[in-house]
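Protein chains in written order, with this note's numbering: chain R, 22 to 298; chain S, 25 to 803.
None of these hints come from the bench; they were simulated from the model. Nothing false has been slipped in among the hints.
List time: in silico DMTMM-like cross-link candidates among lysine to aspartate or glutamate, alpha-carbon distance up to 20 Å:
1) R:Lys23 to S:Asp295
2) R:Lys210 to S:Asp723
3) R:Lys210 to S:Glu731
4) R:Lys23 to S:Glu213
5) R:Lys210 to S:Glu669
6) R:Lys210 to S:Asp667
7) R:Lys23 to S:Asp61
8) R:Lys210 to S:Asp672
Keep in mind it's a predicted model, so treat the numbers as computed, not measured.
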Amino acid sequence: VKPVRFDYERPSDLATALTLGTRDDVVVKFLAGGQSLGPMLNLRLVQPDLLVDITAIAELKQVEESADGITIGSCITHADIEDGRVPDVTRGALRTVAAGIAYRAVRNRGTIGGSIVHADPSADWLSALAALGASAIARSGQVDRKIPIEIFMLGVFESSLKPGEVVTAIHVPRLSHAARWGYYKACRKTGEFAHAIGAFVRDPARSVCRAVIGATGAGPIVLTDAEGLFTHTNGTAAVINVDLLRATMSARGLTDPIDQQVHLAVLRRAIAQADGS
Amino acid sequence: MATGQGVGARLIRKEDDRLMRGRGQFVADLRFAGMQDVAFVRSPLAHARIRGIAAPQSPSDAVFTGPDLLGVKPIRAVSGLRGFKVSEQPALATDKVRFVGELVAMCVAPTRAQAEDIAGSVTLDLEELPAVHDMLAARNPGSELVHDHWADNVFLETFVDVDIGKALDAPIKVTREIRTARQCMAPIEGRGVVALWDTRLEQLTLYSACQMPHIVRTGLAGCLGLEEAQVRIIAPDVGGGFGYKGILLAEEVCLGWLAMHRGHPVRWIEDRREHLTAGANCREHYYRITGYADRDGRLIGIDCEATVDSGAYSSYPFSACLEAAQVASILPGPYDFPAFRCRTYSVATNKCPILPYRGVARTGVCFALELLLDAIAREAGVEPHEVRAKILVRPEQMPFDNITNKHFDSGDYPQSLRRALASIDIDAVRTRQRRGEPDGRLIGVGLSIYCEQAAHGTSVYYGWGIPMVPGYEQATARVTPDGGLELRVGVHSHGQGLETTLAQVAHEILGIDVARIRVVHGDTAMTPYSTGTWGSRCMVMAGGAVSTACKEIAKRAIKVGAQLLQTDADSVTVRAGEVVGPQGSISLGEIARTWYLKPQNLPNDVDPGGLEATIGYKPVRDSGTFSYATHAALVAVDPEIGDVEILDYVIVEDGGKLVNPMIVDGQIYGGFAQGIGTALYEEMPFDQSGQPLASTFADYLLPGPTEVPAPRLDHMETLAPYTEFGVKGIGEGGAIAPPAAIVNAVNDALQRLGVELLHSPVTPRRILTAIAQAGRSTT
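Looking at chain S on its own, in the form it has when it is part of the complex:
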């Protein structure tokens, strides 16, 4: 319907009217009578036995430790994969502390400052144990154990071998050790919780800055021993999630218990130091990876051992093994080659838990694979793009099942590479490189190609056996008596623009003006169950559910409308918010008024469900949509002080049908910024005692506006064959490819100095150290 508001329209985001005017309502904006603030006493040590906790005598009933939380169960996120070892994270540590920042005691007072005063007067008697801080050493026999009853520190080991024997005799064999730094996700808004106990409903209402409210409810009810109906989770406006807000927090469990115990509202607002040092980390991968190739650089096989530092506990619901186990299945990327072997380890250490960050394992996998392909190209003496062109999955192979049985739904990957090369003008770059730069800097070009499996459902997730397996996604569509439309969805929008794009989907079906469509989300009492917002799934799953529910509404409206138009249902259609017959039409508003206020005019065989429908939806195949992109970076490296400047950046992306191309561009810009952070700036270092060394944004560097140039975007649009409208998930791709593209570009620039960087982020220190070492080894 070409009304300019439906699927494909570049509509201004509805939610921005309140968000851009400061009218959003976040957890920290909430005020309730009698509300008190919580500050936590957190472990100052990475690994220690708790010998005692001494709390001040006054004020009374203000400090709580583990034993006070009677009946509260620890957080358990178990995977059904064979050999997975179970960790139990107590809401407040009891026998041992296992990472710096772990909750030890909870202090409550009328203000946060006073609560911090009390927290400051609590003294801990800790017996320090050696910290398990290095995930590789942690795998060794005899290592100190994070969990005393385990035989080693490995949450899970996985292994896959597909014909690696076919590759071992290849003429080119390139082995590299590749690492990605541990990172924090750093959404603009941190976590935050307000908990209230409603004595009339016997219900805990917990406001939380989270992205998966229904999952939090299930997990929280389990820990607190409540019926799920006794827990209501409300996620109001949330300032970015990225995965950080996709878990059940020990803080949520503590606050829920405290609200019940004290009987008045309590709140905890995460501060930035808590976020950086204690919240959760992501991305720390180590790869020992070998590529086998023909003399011309054609990849034959990959043999890899991957280790992921999972931190101390398995987080609910994604578990400690999702990241590493995923590595084994997605490492082949968008490429077709015959031999593959991969062993992975999810290792427990004395660090805060790891969570899936935008892109999850893909960013690390893409980094390892794409750096390896460039190393193979150098070994073979061919251009990096030639190595890729030989093995990219081709359009005529679609749909294509790759070496790890990933089902590629559609696309033209080689075309995205060709367009990116033309756009970055690879020949001109090579000429310019030979000429040299007047300022003495060295320039280089780097490529990175990825595919992003999104909205993968039951068939993919049941195999992990984690607490959450997505099934049918439900949406409720409800016509109001005045002809407006409410959409109720269990996913959450915290920057994705779903209040706009889901309205666009509904508009596409019913033609109701998007200004009259409200998307209700973020409240378990108001929305159908959903696993929530993760895995780039919302547009495919919730979009599909909204579309399906709206079609059901259309069907019902047609029956009523046809009766009122005195014609038969086969001769009418729904268009532009009206039921249109051969002679005349009637608005959905009029039909709604009839249903709600003048039921005497309804047909006898009217659907008693009325103008409200809750319907579940799954794509025709739930193995996931595959969006993809080629990224090309042009950088200049200052070899004296180690600075990297991004001179040009091209992204050629295919996300299937784009519901709102402007929002997709925004998703790519935001992901790109985070990718630059991974490539050049962000790192959470730990010392040998397991102390996190970046506790403010002066130490943990995020790229700012001047560090993020505008990438040049080019869209392709290959429809997904299995989804409504042919949409694909695109939420994470922007953050997946930049580290590989940028570091490949840096390596291209520094190739003449004999330098190859294999550790993100490529900081000035790493660049200068590598140049100095290369200089020493060649002289």
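Chain R with its partners taken away, still in its complex shape:
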């Protein structure tokens, strides 16, 4: 398993990368860490003519914190977040999710932007960021556009980016002080791709309650108003509307009853975590 011959560029400014990305005489792929693209190159599943490595572009490694949240450069690594080099606006959610991605060796090089653009259904960031209400910021030429994460992934390995467009950053809104979250994934061993992901964020001060069923084999199922899921029994223990969730999963193609059971279980555990956090 050796890749086909390709050219390699590692520009230090975004404009050059964007220009290279619009070349239509060759097949161009962007490399933002290579933890998925690397193996795909070796297996010859991807056979580009030109690989544009964007990890030397300073602009993509910036982090800006503001009152309403944080904007994380797309080439920030999972380890940067895990180790706390990125300020926390999510009451520890980003850091916890980052620390559970694959293995440390992958986290050292893998990037948040690379992960979402790769659009693997089992990836942690797509589900976690969708629960947090994050958005991707994509640039084409001089123009930025903001894409909510829940509509960013179109299908397996297919994002909503247009040709030549590059994700420059991820914007994550700040959770308020009383917000609660939970994240639980089913995988058989450390570092394995998840078989099911449950993510849940409840932030009453911002009128946010979002639930995500991830690792569905396609894009995550995002319930942007998840309050409707619960039948409250006397204000304490919340009971999930299982029938509604099963119907939702079936409608999205996740029909196997055992798959549904596991996805329900991990969501329930994510909610329980949030209740206990």
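Go by the hints and put chain S onto chain R.
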């Protein structure tokens, strides 16, 4: 000799100094001027007729197909057992392809990437045939045939019946269908070959990541039509074998031919996709097994039909029938009962060949038998350990010949069970089970007991009639002029620590510091012939040979030493690297200097063989040593998502005299990890067209550090009566018992839900499906 370096010492491994510092030298590390890389075109189909192969015109002389390999003979591994059908595996497929990944064409280029480019431009014209993918259906009349000239797909059928009639009226009769998944062995290093033709010596030197270099030489010389002296096999550092590196590869034959044809060095390094999809598989067994027992659970008889999916070809030298035929002889395990019947089938399918993996058939046999015993215990309403205690071979029966004439050499099996039960604290587990877990998980305890016949020799193997029958194991001991010691052995060390343990054996005899003892192995030009490293045989056989050769050296040194000390030979001994007389002593170094450099001082009747001896060794009986262990697992099962966590794991093991107990612990840890893989993770699935469905480690799951808890080890030490120092082979045991212990524990946990799992690995999907089915059948 209590020097802290001999037999029994927990010595740090000598080889780790280079291996842990990255100074090892593996096949892929080798560089030769002009060396080119090979990539293979492999069959994309499991079963097809080859209508044509179209290779690009340029570069020329870069693509080779079957007809190019003029005079190269196919690989044949024939068994002498009656009825065995012979398969011929061509180095490159000619008329038919019989498994996905079979070699079709060989492409050579300056780099592997370029060779893969060429391979990608070769087009195959294949006429697809129905794939024989299910070993049970393959036995049916009218099944598609893997080998057209056979009457059916069965390599070999065997049958044994010892008084099964005695059991048939038993009050308890339990029948189960038990399966173990097809697996890959996944050593850290895959296979790899570098081949060079030496025009001066007219000799092919083939570096190969293999564990049986002399056997590879014999097989390769046969296929290439060379004299054996024209072939030199070098196995440098090798990153794990487990049986995967115990065969002659079609790739080795191809590379050998190519080096001769092109005249420059060529290499092929197996990549992980090749390993997973095309290399070789193991472990796929199916048992239909019935246990007959008294009302109290005492086993009376076992009646079994076992089928093994042997894949498309018989591998050299172990053959396609070793695994299944072995089932019939070892199924009774460590137990004594009066009635036994077993029929086995080795079935050819359109999958890559099966090889003996660590434990060989024992892991499957142990799985089937131990699950059956738990089913009998449930039927009888007694604890699983009670069923076992009734029938374990007892110490006062030793030596004991069991129902299939296996000769148990020594041991106290019931004691290992008692110690394991006490250690896992079975009573506390039962109390905890009744109390329930706060997190809703269900816990269970499982047992598994096995015996491991190791280092079995001529008397066992000649009966199989396979290309390789082990005889006397030879070792060369050679004192160097400066008083160091070289040991040359034909076995190979690829993780076993033999560079340390064989030095410890030599130290035990001669007292030379182990730092001054070098173990030379892995080169047919430098070592005496040996069948190599397999069957947990090295410490018994090569250890015995080293001990014997060193005793011979001692005898010769005594004669010279006594002369130099001016005393007679009867009054001196060898101790701590010296010949010690009543008045004074002389070092082996000084004796060596005399032999090599000052021969005028030698006695007249000195042994002209000098300070170098090659001696063959066999144990007093070569029917094998029997090490054994009881494994006890405590697991928690998550009934919602199907996860299994190992909470506690106890191993009470008896390997006879342990030459280096630390290395034995390491062997057990490693085997245990592989056993967990078999129990919970590893599976190579195939679809109906014979396509292997796991082509990367994202699909083929191996347990990692966080999935392998530290087992608690407890050693017993019953000496083997027939071997040097009383050692027994222990290399495989760690991998034999865990699947049965863990799955029995899972079944114990899920018993209240009416669930019984009978198929390894017990994945979340299998667990949840079984729970769902049990739920449906009870409501």
